[in-house]
Amino acid sequence: MWSKADQKLSVFSADLNQFIDGLAASGRGIVMTLGKGGVGKTSIAVMIARRLAEQGLPVTLTTTDPAAHVHDAVGQVTDNLVVERINPVEEIERYRTEVLADAAHLEMMAVHCWKRT
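Numbering (the working numbering), first residue to last: 8 to 124.
None of these hints come from the bench; they were simulated from the model. These numbers come from a predicted model, not from an experiment. Please note that a few of the clues may not be correct.
To be verified - What follows is a set of in silico ranges between Cβ atoms, one per label pair, in the way DEER data are often shown: (1) 104 - 34: 33 to 41 Å; (2) 33 - 114: 18 to 26 Å; (3) 71 - 34: 23 to 31 Å; (4) 32 - 108: 39 to 47 Å; (5) 20 - 111: 49 to 57 Å.
For each residue, glycine too, the CB sits at the ideal point set by N, CA and C.
Just need the whole structure built from these sequences, with the hints factored in.
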């Protein structure tokens with residue numbers, strides 16, 4: 008006899024497999040696994056990515072987790088499964104620099120236009 012936990016896991020696995028199969032059939036999509044720490048986000052993301060890659064679809068698995076243990080969880084990366092890590096601190100700084108540069112350019116244009124009138 009299965010425990011309630013085993014029954015719930017079985018239903019969850021069937022639902023996840025159905026979700027993955029539907030995503031594969033569509034040929035494209037974006038999946039985001041979100042939640043508090045320790046709930047299995049990485050495990051679910053890796054499972055989805057590997058299953059889609061095994062079906063021949065191109066998959067990019069991206070993480071912002073500073074621990075970046077996605078590489079370990081994925082194991083061997085295939086040609087159609089790419090694992091990336093985004094460093095939020097670096098990306099925020101890059102974005103900030105870009106926005107400030109654009110703002111400075113706009114300010115110079117505004118001053119130039121103002122002087123012409």
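Tested hints:
1. At roughly 37 Å, the beta-carbon separation of residue 104 and residue 34 lies within the given 33 to 41 Å, and the hint holds.
2. At about 46 Å, the beta-carbon gap between residue 33 and residue 114 misses the expected band of 18 to 26 Å.
3. Distance hint check: the CB atoms of residue 71 and residue 34 are about 26 Å apart, consistent with the given range 23 to 31 Å.
4. About 44 Å separates the C-beta atoms of residue 32 and residue 108, a value consistent with the hinted range of 39 to 47 Å.
5. The supplied range of 49 to 57 Å is met by residue 20 and residue 111, whose beta-carbon atoms lie about 54 Å from each other.
Hint 2 from the list above is the single one not met by this structure.
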